[in-house]
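Line order of the protein sequences matches chains A and B. FYI, the working numbering numbers position 80 of the first sequence as 219, with every residue one higher than the one before it. FYI, the working numbering numbers position 202 of the second sequence as 341, with every residue one higher than the one before it.
What you were told as hints is all true, and nothing was included just to trick you.
No distinction is drawn between identical chains; accordingly, a pair holds when it is met within one copy or between any pair of copies.
Distance condition first, Cα-Cα at most 25 Å in a straight line; then the derived SDA-like pairs of lysine to any residue:
#: 1; residue 1: Lys242; residue 2: Ala170
#: 2; residue 1: Lys242; residue 2: Ser226
#: 3; residue 1: Lys389; residue 2: Thr417
#: 4; residue 1: Lys389; residue 2: Gly419
#: 5; residue 1: Lys244; residue 2: Met200
#: 6; residue 1: Lys244; residue 2: Ile167
#: 7; residue 1: Lys244; residue 2: Arg172
#: 8; residue 1: Lys389; residue 2: Val458
#: 9; residue 1: Lys397; residue 2: Gln411
#: 10; residue 1: Lys389; residue 2: Glu400
#: 11; residue 1: Lys389; residue 2: Pro418
#: 12; residue 1: Lys397; residue 2: Ser414
#: 13; residue 1: Lys308; residue 2: Thr456
#: 14; residue 1: Lys397; residue 2: Gly419
#: 15; residue 1: Lys174; residue 2: Glu245
#: 16; residue 1: Lys389; residue 2: Pro399
#: 17; residue 1: Lys242; residue 2: Gln169
#: 18; residue 1: Lys251; residue 2: Ser198
#: 19; residue 1: Lys174; residue 2: Ala141
#: 20; residue 1: Lys244; residue 2: Ser226
#: 21; residue 1: Lys389; residue 2: Glu360
#: 22; residue 1: Lys397; residue 2: Arg460
#: 23; residue 1: Lys440; residue 2: Thr142
#: 24; residue 1: Lys244; residue 2: Ser198
Simulated from the structure, these hints should not be mistaken for lab results. Just so it is clear, the structure is predicted and the values come from calculations on it, not from any experiment.
Below, each chain spelled out in residue letters.
Number of protein chains: 2
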Amino acid sequence: MATIKDVAEKAGVTVTTVSRVLNNRGYISQATREKVYRVMKEMQYQPNEIARSLIGKRSMMLGMIIPTVAHPFFAELANYIENHASSLGYKILICNSRMDQLKEKEYIDMLKSNRVEGIIMGSHTLDVHEYTQLQQPIVTFDRFITGIPYVSSDNYHGGVLAAELLIRKGCKKIALICGRRNPDLLGDLRSEGFLKTLNSKSLEPIVIELGSDVFENVHYERVVQNLLDEHPDVDGLFATSDMIAINAIKVCSSIGMKIPEQIKLIGYDDIQFASLMTPGLTTIKQPLEEMGILAVDLIDKLVAGEKVTMENKLPVTMVERSST
Amino acid sequence: MATIKDVAEKAGVTVTTVSRVLNNRGYISQATREKVYRVMKEMQYQPNEIARSLIGKRSMMLGMIIPTVAHPFFAELANYIENHASSLGYKILICNSRMDQLKEKEYIDMLKSNRVEGIIMGSHTLDVHEYTQLQQPIVTFDRFITGIPYVSSDNYHGGVLAAELLIRKGCKKIALICGRRNPDLLGDLRSEGFLKTLNSKSLEPIVIELGSDVFENVHYERVVQNLLDEHPDVDGLFATSDMIAINAIKVCSSIGMKIPEQIKLIGYDDIQFASLMTPGLTTIKQPLEEMGILAVDLIDKLVAGEKVTMENKLPVTMVERSST
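Chain A extracted, bound-state conformation:
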């Protein structure tokens, strides 16, 4: 009696594809669908109901937990993740954690009970054991937990590039605005690379740490304003995200501080708005599209039971615009 494997082989497709045709799941071209049906008819294939129900239980759903999709970085990342996921037949459940531990936990529980096949974590408020206890494949962004693959950009090198550029441009009074220093988060390496590079040139910057649970423009604005009030002679600023730097451009413009003549600004991410600002924002570009694609591919491999690389660090590039 023909098995699903026989059908797949004869039709020249994978077992997964035959299953998708049977269960009407995923994106199957009409040509493939017809070919599979034709082969099933030829071989007088009778779906094994138990097997079919087991295979059919693939939800093809992935959960994506991010602080907020309204933040341009996460919006762009979510876009690339969804685009690639849908090309593989996956659907994306989007979850805004708003950096709230309870919400993040609720989402993880919800995702578990909804048979998502994998979880992409872009929000990191929970303790490590919450992640390691999960059955589902999980991939994190910018967080290193033993046993869980991560995707990140080369944060340390990004910080180095930023420091080198400010030094090269002759900055003497340098400031850093970053998230709360936290060695668990790989994004922290931006600050580390930046500070170590400056220190090696005997430069000691002003360091301002933001609360890690804040993504409010009003807050960023206030922090930059305070910095420039207390240190009006700052001539170089590295902000560990473009959103902070964009708010810095706004503040500088409002107080008549000329960029780059009086102060040079560097951000991090290269969200679309970096190039839309006046002056254009010099920034460290994270390869967002590649990162999104990679995260989905890692989950896809984990779901298939394959081994994957744990540490996935993608290269960054400096994009120089008019703010330096």
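Guided by the hints, dock chain B onto chain A, whose structure is given.
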């Protein structure tokens, strides 16, 4: 014998809540869960397996089809939709259509076969019959189809406000940059309100229609550049989305055209970046949060079999900043 309704009544909750507790779905506080269990025990309630399996088949999933979540308007809208949906126990499947008819159709088919309970449509490339044939409740943004509820802002009045402001500011050579004129899309009323108001003052603006399937900054930039090349004496510009207007700010800055002294700019939406630009962008504010909440509430009511208002037009406000 106690029914699920009896349990609900005694526990002071809805039948849906009791069902969620039984099926471990949705966000139930620990207190509520304990109360429901206590009442079930007291009343010696035995779940009706058939009824339970039927109720348990509520997927509590909503599909959201938007052109792209990377676009700030849709990112902010998606954020408000997801926040409110999750407070009601719904999960959101996010679908980027990229304004591709085939993709939109695929998503609708996928959503149908995944038992989403409702679909929120922010992307409108398909013919009307594709929507009217759907079983699921559907709510559209900015599109009026008989029998399908829509949510929109008062587009016509937004256009009127923009025209009145440019007139009040003394503009004589006015331009409009809008999407392709299409009476099926309610967003088109922005242009209509704008043009009718200008015409009533015997003003005849230059009108530039963009392709409706483009959300590319490079394209917006080129269109604005061409406009200013051909008509360097334009002194007032209304763009029917902030993203177009933000690109106009960039172009004007790059060619040394002073805003607002030489040209006054008005956008539409009031995305977060409108206030981050220099100069700050005057714009017509869409009440995005209310619109997102309303869309979810409409679906929720439709799912419950209740009647809803078909035409849901929320008021807009003019937000004056430094670009006018």
